[in-house]
Amino acid sequence: MKLKYDLVIIGGGPAGLAVALEARRNTVKDILLLERDKYLGGILPQCIHNGFGLQYFKEELTGPEYAERFITKLNDNQIDVKTKTMVIKVTSDKRIIAINRNDGLLHIQAKAVVLAMGCREKTREAIAIPGNRPAGIFTAGTAQRYINIEGYIPGREVVVLGSGDIGMIMARRMTLEGARVKAVLEIMPFSTGLIRNRVQCLDDFNIPLKFNHTITRIEGERRVKRVTVARVDKNLQAIPGTEEEISCDTILLSVGLIPENELTGESGIKLDPITRGPIVNENRETEIEGIFACGNVLHVHDLADFVTEEGKIVGRAIGEYLKRNRKFRSQPIKIVPGENIAYVVPQHIDFIIPDRKKIKIFMRVKKPVEKVKINLLDDKGKLLGSYKKRIVTPGEMVSVYLPEILLDDKLKNIIISIKKD
Amino acid sequence: MKADVVIIGGGVIGASIARELSRFNINIILLEKEDDVAMGTSKGNSGIIHAGYNADFKTLKGQLNIKSNSRFDKLCRDLKVRFKRIGSLVAGFNEEDLKKLRELKENGEKNGIKNLEIIKGHKLFELEPNLNPQAKYALYAPSAGIIFPYKFTIALADNAVINGVKVLLETEAQDIRIKEKQVCGILTSRGLIETRVIINAAGLYADEIAKTAGDSFKISPLKGEYHLFDKQWGNLVNHIIFPIPTKLSKGILVTPTVHNNLLIGPNSCRVKEKDDLATTRAGTQEVYEGARKLIPHLPHQDLINSFAGLRADIEGREDFVIEASKKVRGFINVVGIESPGLSSAPAIGEMVSNILKEVVQKISPRLELNYRDDFVETLPEQPRFADYLDRTDEWQEIVKKDADYGEIICRCEKVSKGEILRAIHQPVPARSLDAIKRRVRAGMGRCQGGFCSPKVLKILSEELKISPLKITKKGIGSEILKTETKEMIKETGVKFKDEAKV
Chain A
1 MKLKYDLVII GGGPAGLAVA LEARRNTVKD ILLLERDKYL GGILPQCIHN GFGLQYFKEE
61 LTGPEYAERF ITKLNDNQID VKTKTMVIKV TSDKRIIAIN RNDGLLHIQA KAVVLAMGCR
121 EKTREAIAIP GNRPAGIFTA GTAQRYINIE GYIPGREVVV LGSGDIGMIM ARRMTLEGAR
181 VKAVLEIMPF STGLIRNRVQ CLDDFNIPLK FNHTITRIEG ERRVKRVTVA RVDKNLQAIP
241 GTEEEISCDT ILLSVGLIPE NELTGESGIK LDPITRGPIV NENRETEIEG IFACGNVLHV
301 HDLADFVTEE GKIVGRAIGE YLKRNRKFRS QPIKIVPGEN IAYVVPQHID FIIPDRKKIK
361 IFMRVKKPVE KVKINLLDDK GKLLGSYKKR IVTPGEMVSV YLPEILLDDK LKNIIISIKK
421 D
Chain B
422 MKADVVIIGG GVIGASIARE LSRFNINIIL LEKEDDVAMG TSKGNSGIIH AGYNADFKTL
482 KGQLNIKSNS RFDKLCRDLK VRFKRIGSLV AGFNEEDLKK LRELKENGEK NGIKNLEIIK
542 GHKLFELEPN LNPQAKYALY APSAGIIFPY KFTIALADNA VINGVKVLLE TEAQDIRIKE
602 KQVCGILTSR GLIETRVIIN AAGLYADEIA KTAGDSFKIS PLKGEYHLFD KQWGNLVNHI
662 IFPIPTKLSK GILVTPTVHN NLLIGPNSCR VKEKDDLATT RAGTQEVYEG ARKLIPHLPH
722 QDLINSFAGL RADIEGREDF VIEASKKVRG FINVVGIESP GLSSAPAIGE MVSNILKEVV
782 QKISPRLELN YRDDFVETLP EQPRFADYLD RTDEWQEIVK KDADYGEIIC RCEKVSKGEI
842 LRAIHQPVPA RSLDAIKRRV RAGMGRCQGG FCSPKVLKIL SEELKISPLK ITKKGIGSEI
902 LKTETKEMIK ETGVKFKDEA KV
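Heads up: the protein sequence lines correspond to chains A and B, in order. When we follow our numbering, the leftmost residue of the first sequence carries the number 1, and every step to the right adds one. When we follow our numbering, the leftmost residue of the second sequence carries the number 422, and every step to the right adds one.
No lab work stands behind these hints, which were simulated from the structure alone. A couple of the hints might just be wrong.
To be verified - Straight-line alpha carbon distances no greater than 16 angstroms define the calculated EDC-like cross-link-like pairs of lysine to aspartate or glutamate that follow:
#1 A:K89 <-> B:D814
#2 B:K907 <-> A:E150
#3 A:K323 <-> A:D272
The model shown is predicted, which means the values in this text are computed figures rather than measured ones.
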């Protein structure tokens, strides 16, 4: 089957949903949303806990409720949706090949494409934990799906490795189902998830969170029997003599998320080695004009609310792109991560900003520091702007508005650094 | 239950023997204690079909490897198993290594390999641009190849079943029944099977089986650890690259796999237990160090799996043991099939077939071995979506006939529901998540089943008409799920912080 659309969005999670609605609001006509699962919402339908929407809707919602707010609007906005449809190829000239049961293979030509495929969880294999390979080792998200979607509990006695948000949320979820969560282990000296999750998911249930600890061995031939855990040194290496055994039948992993960019890479788009997402400009447009990316496929966000915001940036930008209503700067401004900054998004500013619209730069810090200044400098070290923050931590994304100095057409680089105030 | 021949062990050797013997018009049962074939050494190995220059030409290892090597093209075509004859290089770094390479070449030529070549200088780096720049020489063996090892085993067993062999999974051989120095039966975990011929292809456990017939071997497992990288890295090397071999092993190699992953390993470490498949920190380091000597830059960040396999090494013996027992009539030992066992499997099957011809003369009543005229040599084509990505029009036709082939279940390896259903209903059926993975690669990719395992579990449960709670990762005892939601809480309750304070 051959199809033509103005905009094709790959992925029906919070990013794709936001793009679809915002693009429609910006007068984009024919929109097709492709989703590989049988329902829309991405990972939201399995996130039955609350805490969604506080930023965006100013009220507290569960994941399914948050997704529903967008999904119900798709029909009214005449956005075409195909679920259970897997995209297998995106070309640089915006042809998309997808497959599903009813249509078989779909060949779609788009004027603009949005990559919104989300991310996947890092596995036990990716971090090479020594030991056996029995049943009972799950990524936290997979366990979440088994419980909240399929209706089955995958373990009775649980050790969680990693203090990512899903790990902490699943520690609470398993506890509420009657399982015993013996410990949450974090190899770093700080939590990699949100502070509120640490309080509400672990502290409130007396679940011990052990910093500077990791699993050094998994035992059990068919099902997990026990793990050996050890304290780690500054180089994250296990310290001999600190080992202790914890018996358990289940290990949940929350050790990081990886943007799922196989389609992106295969279409020839360059990826940022740190974010593992595409390199984008302020419109979240990749190096191929008209192919955009947003949400966790671009970089891993803390909150669905932030993903929605990013989707809206893209939705608006596609309106401008299709109307050819934009002006390139004479040269792009590169945003360069400086001291204690792991990465920044967007990586460059390409356009002359209409209406003095403000541009927000998102970044993740390497180490937690209290009472800091976020400094923006030009090539010569001249301070362009400075913002105070009470605390920065790798678990929580930091954002700043770029100063109006951007109107300066000669500016080549903006270096962002975080320093103790 | 009755059978003319019982084969113990569903590894590549048992499966190859089963297929070979299924050419005869006799009743054959293959026993496998696990929930699938290829569960031992046949799944934890390098997947290499060796050229055959390593083993001495006077040994079975040398002869059977060479005899088998040239057969893999047709065999894999017939059985629809991936095999690529990509050639191997043994890398040398100095004059002493060169001497060893020459010895290997000489031995290989004695074995009958004609196209061995010692390569020097820039030609080496034309063949392998990412090879350690300090390498100076290599022994090039174009006839070495890579294979999908467990799929090969499964295909041999499938083909055997099509030709009448009965494969009994989760059926453990427990004791051999002997009457007047002749095999008369075998006791299994599912009852007694009357038989006059038993073939012991029990891999790591072959010594324990042999003991019940009075033959004594001691199998002392040698563990090898491996690391597998994402399939974007298969092109890092073009050939199987070995270091200079030692007495104990062919060394830690670097190779692409038939699915274009990159594989490094194995080390070689003597272990006590036959189920010690744990990877270790020391082993990991050893494998990385070994592999880095050949290919200095390895893609650590794209590691997707680590695993270990055990070699069935016979203590105090260098060669395979493939012979009729001298103590009991009707008992054939196929023991100590370590490397190059996979490479020798076709010829081992034939050798056992020839031994059987002699054995049946000596047992009473005699067993007639007549070739069946309806032997089916091939397996049907099993189309995989992943192979049709550049031929989508052809796949469209397949989806038109069966919509299940249009529903993609495993996103990383692009496996359709149709392929998974086929695996559940093939001659040796997949009943667990790992068995599906080995047949169609669902869960074999970068997310390691994170996304597809709940879906595959559901399909298994629906097709086998059993509760999801009964679905396992790899047989009984490895169930994935514990209870339905709201069930566990009835037994255990929840303690909130405030309650604890009260």
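ask   = If you check each hint against the structure, which ones fail?
value = Number 3 - this is the single hint that the structure violates.
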